[in-house]
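Residue numbers (this note's numbering), protein chains in the order written: chain H, 42 to 384; chain U, 1015 to 1348; chain Z, 306 to 729.
What the hints contain is simulated information worked out from the structure, not anything from laboratory work. Do not take every clue at face value.
Unchecked claim - Derived lysine to aspartate or glutamate pairs resembling EDC-like cross-links, with alpha carbons at most 16 Å apart:
1. Lys1062/U <-> Glu1032/U
2. Lys198/H <-> Glu1032/U
3. Lys197/H <-> Glu1291/U
4. Lys197/H <-> Glu1042/U
What the hints assert, rightly or not - Which chain U residues face chain Z? A few, computed with CB under 10 Å, are given here:
5. Gly1274
6. Phe1302
7. Lys1310
8. Asp1316
9. Ile1317
10. Pro1318
11. Pro1320
12. Glu1346
Yeah, the Cβ is synthetic: ideal placement off N, Cα and C, and Gly gets one too.
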Amino acid sequence: MPVHTKDVSNELQLDPKIRKQIVQRLSKEKLQKMLEQMFLTRFFEENAEALYMRGLVHGTMHLSIGMEASPIGSIAAIRDDDYILHHHRGHGHTIAKGADITLMMGEFIGKEPGYCRGRGGSMHIADIAGRNLGATGIVGGGLPTAVGIGLALQMKKTDNILLCFFGDGATNEGSFHEALNMAALWKLPIVFICDNNQYGMSMAVERAMTVHHISQRAAAYNIPGVTVDGNDVLAVYDKVSEAAMRARSGEGPTLVENLTYRWRGHSKSDRNLYRTQEEIEEWKQFDPIIRYTGWLQEYKVLSEDEIDSIEQSAKESINKATETALAFPEPTPENLEAEVFAP
Amino acid sequence: MTNPETKREITMLEAVREALVQEMRRDENVFLIGEDIGVYGGAFGVSKGMQEEFGMERVRDTPISEAGIAGACVGAALMGMRPVGEVMFMDFLTLMMDQLVNQAAKIRVMFGGKVSIPLVMRAPYGSGTGAAAQHCQSLESWFISTPGIKVICPSTPYDAKGLLVSAIRDNNPVVFMENKLLYKAKGFVPEDLYTLPISKGDVKREGKDMTIFSYGVTAQRSLEAAEILAKEGIDIEVIDPRTLKPLDKDLVIQSVSKTGRLLIVHEATKTGGFAGEVTSVVCESEAFDRLDAPIKRLCGLDIPIPYNRTLEKAATPQVEDIVKAARSLAIEGR
Amino acid sequence: MKAEVIMPKVDMDQETGTLVEWLKQEGDTVKKGEPLFVMLTAKASIEVEAPESGILRGITAKKDDVIPVTQVIAYIVSPDEKFEAPVAKPAESAAVKAPEMPSEAKKAENETSSVPTMVAGDASQVRATPLARAIAREKGLDLSAIAGRGPRGRIYKADVLSALDKGVGSIAAKPAMVQAPAGAAPAINIPLPNARIRERIPQKGVRTIIAQRLGYSWNSIPHIYESVNVNMEEIVRLRERVNQVIQNHTGLKVSYTAILALAVARLLPKHPFLNSSFTGDEVILWEDVNLGIATSLEDYLIVPVVRTAQELSLESIVKEMSRLLEAARGKKLEPADMSGSTFTISNLGMFGIESFTAIINPPETAILAVGKMVDTPVVIDGQVVVRPMMNLTLAVDHRVNDGARAAKFLSDLKSTLENPYLLI
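Model the full assembly from the supplied sequences, consistent with the hints where possible.
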């Protein structure tokens, strides 16, 4: 059993009593919304994959199937007027921040009404109005940018915060160090969240760094670092809530590591040569959706029927969004050069 | 308004500082960020005394983290601030490349034009200070060839102030090149806040026999060269684009159409340099048919800038080099 | 290897030869002295013989390749010899016109010293600044006739303006541009006599064009002249008969020039090389006979053009010539009436000139000079008799035509005029 699977099955798992307390703190509405978003993300990506295989998608895409709890639990922990900055595997973050799935799908297939008018694609879906400041395709590229967003929030004396998401690979970039150092130094209102899916493309985390948990790196900046069972949406919600409170109160950033796993390859060209099928199957035992629906039933938040109906409705929404998006008009190349500079 | 009888002359360094101070007083979204810009006043002293007026938050010293500085500018700009970053030497832009090239330059288009990145990165550039290969470069062509970034390079204190104010107010990332030797150059600068249009070049000297296209310190050297050649009866027009990207193509085309001859002078290395681009602009325009001699480039040698004073001078165009090149081009075939 | 087969130099001033065809193929056994290939020089086509007996190997030249003289184009080897093509020295490897062999052509380009001179001039090879080109275009100047003062002869604005002053370099009719050979006589300064000036007449308008074109023609077209004397008695008779009819129809007299025009127009389609243009790298044979009729009008020469004359009847030619002359007198000739001729007839008989030579009007390649009809004692069937004789002198462009071709046309023309019923 890979070492990190052991972490999730043993030490990282929440004490059921704590989990129950978290559930009791939250409204049914909120709990249900998180489930809806997890379903939406799962079905969005499954549809995306199907469209890709039918040749309807230009370029590549990065699927986060199996990782949904990390973005959705994290973003559930902040306010609507807070900000997020994320990365190329960002469909879940975008849905969690309240994006319109039809416009997302439109962008995914490169249509003019898509969020980025077909200029960005799957890797760069941003919803500026929804305070989703977008996804960078450069590993570690968003971290220095986060410093500036944090600075602006601080200088404007708002009480908003920023969740800055990145992967495990980004923490080996120099920009990670510069950004965390500066954010810590200036106590910027940022929560740095590592979606640790354990592979930088094919590079296993244990082959890429000597620390056991990425959260240990927080010590270098004298900020709190915490590793969370990233396939437990409630645990993620709980830890990010704490970090968000700290950021909002001016105490500075926290490094939250959500330990999770991507079921699919890095991108569509991945042949999974660097890991075993057994390992993937192992992690599928920790499907964040199945675990969450289990707890919701266990704590009598939702019945099986209610869950089925939420699932069904998410599936239908995604199907409808896909249908609408496919009929969206294509962008035209006439003014491409003129739009490069802002007026 | 400025009284023309008391035309105030200040240095380019003071002009840059005045632009920053006046813009910061006018707009609280403007702030400075960089290494040693606080009490130290910046590597060249541009921000000297500014922290006293604007405080540590708006004249923010940073750790030695160029990617962090650039990222801070990109992020703050995304949030509607107007950051002005200072990189100590243009050479260190290499450490900012991802933030400038992949983030600042791309974000607007990548996100469907729904956001803009109004940042300025001030970059002291050029040789002549004996700082050798890693502190003397002119790296404008990298940014000129990056869609989404504007590049400005003033040659006079007057242009520096007006263009820096415009750069700060512009809604796009701007690399603002300041020549280190020109920091001490004096010139008339109005005390009032004013702007100069970006992408609008300037005829620094009118002439009819040939055109010299140059910017920054070599524009000043070209003017000196033109005066020397005027005594030989050669009448040179010196045009300064001031903004390198987007370029004021009309200015070049008009001037070359008039004179029929073009010499392009810059400090940056010749191969892959901006001069090649300007040459193509002329060749692709109606000015091509007015050319009465091949376009000539006088640029930095394709070498890392050497330390030794003689070698360093040999590496970039000096006044006497411009005189020689211009004379030979002006009399060719006449 | 027994011998190299080269493109031989057969003329003193020859720099290239065109390979017309191989008479033997790769691998054929050849005997010394046996014809190997046909080459074409500016003057003639020649069969080149095998220098040795053996097997023909390593052929590098193809049909229509223009090859610098002395370049090796094949080898003759012993039957038992294993042939390996020697590595060609760059200086010898260039076929000037070998679009199928770009690498070879490129080699030649890199080795500038080895680039052979083109057979004919090519304005695209002229070095000139864009501004110089623009002015030349605007003013109708041929850059290849202008000397440039720049490196490798680059022509500047100043050169073009100075050529314009001196009337050098005007080009012939469009659209098929005739291009002067590279190295055509550049403008030179010849001191004027030290004498009192009576008047200065600026060179302008039509005279400028005449000067430029004919100067160009004289400088660059190698002329051949051939003359015949034609017995015109049958034409005189014919004219008397048709004149009455045509005059009744049209009120116009039938001139001898008109009859000559008819004869020439009917014959030229059988002699297409005399109804042609030369562009420098090709000869264009014209379907239409657009006859230029050189006409002196007051103090200048005009050449109105009777179009598609090969299809016109005598009456139509008469009418058209009359229309053109009237228009010329009234200065109402359209440019189209004065351009686009493919062959010119120049008649000075009315001035009493018995014979003369004319200069070809480019881009034409031939011109017929017509003298006065004179009653002359001639010997016919052993008897001295008096007949109305007329001298015809034909000039042809030797780059296109040889003497025999010109002779054949003249001879046909003479027979036709002496037996005008052949025209029917």
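Now for the hints, and whether the structure bears them out:
no.	hint	result
1	Lys1062/U <-> Glu1032/U	holds, 11 Å
2	Lys198/H <-> Glu1032/U	violated, 27 Å
3	Lys197/H <-> Glu1291/U	violated, 42 Å
4	Lys197/H <-> Glu1042/U	holds, 10 Å
5	Gly1274	holds, 5 Å
6	Phe1302	holds, 5 Å
7	Lys1310	violated, 13 Å
8	Asp1316	violated, 23 Å
9	Ile1317	violated, 27 Å
10	Pro1318	violated, 31 Å
11	Pro1320	violated, 32 Å
12	Glu1346	holds, 7 Å
Hint compliance for this structure: hints 2, 3, 7, 8, 9, 10, 11 are not met, and every other hint is.
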